[in-house]
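Residue numbers (the working numbering), protein chains in the order written: chain A, 1 to 204; chain B, 1 to 204.
In short, the hints are calculated from the structure, not lab data. A quick note: this is a predicted structure, and the numbers were derived from the prediction, not measured. Among the clues, some could well be false.
Identical copies carry no separate label here, and so any pair may be met within one copy or between two of them.
[What the hints assert, rightly or not] Derived SDA-like pairs: lysine to any residue, alpha-carbon spacing no greater than 25 Å straight-line:
#	residue 1	residue 2
1	K163	P76
2	K116	S37
3	K85	A201
4	K85	L204
5	K71	A30
6	K163	D121
7	K71	E103
8	K116	L204
9	K71	F197
10	K163	E122
2 protein chains.
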Amino acid sequence: MAYDALAHRDTPLSDDALNQLFTGARTRNAWTDRPVSGDMLRRLYDLTKFGPTAVNATPARFVFVTSPEAKARLAPLMSEANRAKTLQAPVNVIIGQDIEFHEHLPVLFPHAPGAKDWFADETHRRENAFRNASLQGGYFLLAARALGLDVGPMSGFDPEGVKNAFFAGTTVEPNFIVNLGYGTDENLFPRSPRLAFEEAARIL
Amino acid sequence: MAYDALAHRDTPLSDDALNQLFTGARTRNAWTDRPVSGDMLRRLYDLTKFGPTAVNATPARFVFVTSPEAKARLAPLMSEANRAKTLQAPVNVIIGQDIEFHEHLPVLFPHAPGAKDWFADETHRRENAFRNASLQGGYFLLAARALGLDVGPMSGFDPEGVKNAFFAGTTVEPNFIVNLGYGTDENLFPRSPRLAFEEAARIL
Numbered sequence: 001m002a003y004d005a006l007a008h009r010d011t012p013l014s015d016d017a018l019n020q021l022f023t024g025a026r027t028r029n030a031w032t033d034r035p036v037s038g039d040m041l042r043r044l045y046d047l048t049k050f051g052p053t054a055v056n057a058t059p060a061r062f063v064f065v066t067s068p069e070a071k072a073r074l075a076p077l078m079s080e081a082n083r084a085k086t087l088q089a090p091v092n093v094i095i096g097q098d099i100e101f102h103e104h105l106p107v108l109f110p111h112a113p114g115a116k117d118w119f120a121d122e123t124h125r126r127e128n129a130f131r132n133a134s135l136q137g138g139y140f141l142l143a144a145r146a147l148g149l150d151v152g153p154m155s156g157f158d159p160e161g162v163k164n165a166f167f168a169g170t171t172v173e174p175n176f177i178v179n180l181g182y183g184t185d186e187n188l189f190p191r192s193p194r195l196a197f198e199e200a201a202r203i204l
Numbered sequence: 001m002a003y004d005a006l007a008h009r010d011t012p013l014s015d016d017a018l019n020q021l022f023t024g025a026r027t028r029n030a031w032t033d034r035p036v037s038g039d040m041l042r043r044l045y046d047l048t049k050f051g052p053t054a055v056n057a058t059p060a061r062f063v064f065v066t067s068p069e070a071k072a073r074l075a076p077l078m079s080e081a082n083r084a085k086t087l088q089a090p091v092n093v094i095i096g097q098d099i100e101f102h103e104h105l106p107v108l109f110p111h112a113p114g115a116k117d118w119f120a121d122e123t124h125r126r127e128n129a130f131r132n133a134s135l136q137g138g139y140f141l142l143a144a145r146a147l148g149l150d151v152g153p154m155s156g157f158d159p160e161g162v163k164n165a166f167f168a169g170t171t172v173e174p175n176f177i178v179n180l181g182y183g184t185d186e187n188l189f190p191r192s193p194r195l196a197f198e199e200a201a202r203i204l
């Protein structure tokens, strides 16, 4: 189909919006006391869920840790360098993947009734869950910024401990953890270098 | 720090922008003939590269397949259902991860000179590369939409074949492949259901 026959959908976002999402956004290591409401967490999920995943499986699962009791369970499981900021952030989000995500495919991918059977092999299923929940993690982080929130993603924690404390008796495994709220400039690293296009990409 | 002391950074993007990124965006299965310039691919990389990754390692690598010769190498490696749309899309992007990403940490994470040694174990390194390159895949897909492009991500291809055809002799392994361009509504699936908040998330 010729492009000119289509309604236009090709407008880039404004520079301000690109700045908020990418170029000016920074990983935050310190947090104000401004809370994040449950309504905001639902808005955040309702954006994140629309990001594309293989066979629409959306394997990511989210635990929003907000109460002092839940934060007291999480903090000792974080690596020491992550502990203070995890306690300070108003919300900590444990992003995990459901290894048995394929059980939902009859609902989530209705036009291919046999889709569940494509994931009978556990190794293949785990790889798929990890890839797509991580993709959804990327959507989540940018959706948070799109809503005016700041994020601080972290991999430094005890995965077995987090599994036992927050996903015991389930088929969900932790992937990474995000501090969420309204950040400050305290303990902000200088912006680190990035690879040049030629170091990370090729055009063939 | 009290929130009110800060310059405001908490403005959500407009509903139009959220629509373009999330709520109204669709995975495209057919493509117009409008090309995507090399300049646009560089702009896309220059947004994607700023997304956060563990120790700023940015392990994702991108091969933009645009020429008829390169597309002819890729198409037979796609699963049959993905072949025609891969040939039709103006650009196919092979997103991979560099398993030896830690070699770049002295440059990319300069404030922790020993960071490279944190990734001496290959299993740990592979998991980290896969997680963070997938996260960057999420940033890439949303950066493309932010620039007004459409995307069609795919996992159905021969990974060994793609490794051999596009990453032979390197430490990069393919993760997933994205059709990129300006999509049409042909072969558009109806929007599939998503899990309700309560099915995918908990607030503790």
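To see whether the hints hold, each was checked on the structure:
For the homomeric pair K163 and P76, the shortest alpha-carbon distance inside one copy (13 Å) is at most 25 Å, but the shortest distance between copies (41 Å) is not. Taking CA atoms no more than 25 Å apart as the test, K116 paired with S37 passes in neither setting, with 36 Å inside one copy and 39 Å between copies. Within a single copy, K85 and A201 get their C-alpha atoms only as close as 35 Å, which misses the 25 Å cut-off; across copies the closest is 23 Å, which meets it. Taking the closest pair of Cα atoms, K85 and L204 come within 25 Å of each other only across two copies (18 Å); inside a single copy the shortest separation is 44 Å, beyond that limit.
Taking the closest pair of Cα atoms, K71 and A30 come within 25 Å of each other only inside a single copy of the chain (16 Å); across copies the shortest separation is 47 Å, beyond that limit. When the C-alpha separation of K163 and D121 is checked against a cutoff of 25 Å, the pair qualifies both within a copy, at 22 Å, and between copies, at 22 Å. In this assembly of identical chains, the alpha carbons of K71 and E103 never lie at most 25 Å apart, being 31 Å within a copy and 35 Å across copies at closest. For the homomeric pair K116 and L204, neither the shortest alpha-carbon distance inside one copy (36 Å) nor that between copies (31 Å) is at most 25 Å.
For a Cα distance limit of 25 Å, the shortest separation of K71 from F197 across copies, 21 Å, qualifies, whereas the shortest one inside one copy, 40 Å, does not. In the homo-oligomer, the alpha carbons of K163 and E122 lie at most 25 Å apart both inside one protomer (19 Å) and across protomers (23 Å), since each shortest distance falls under that limit.
When each numbered hint is compared with the structure, violations occur for hints 2, 7 and 8.
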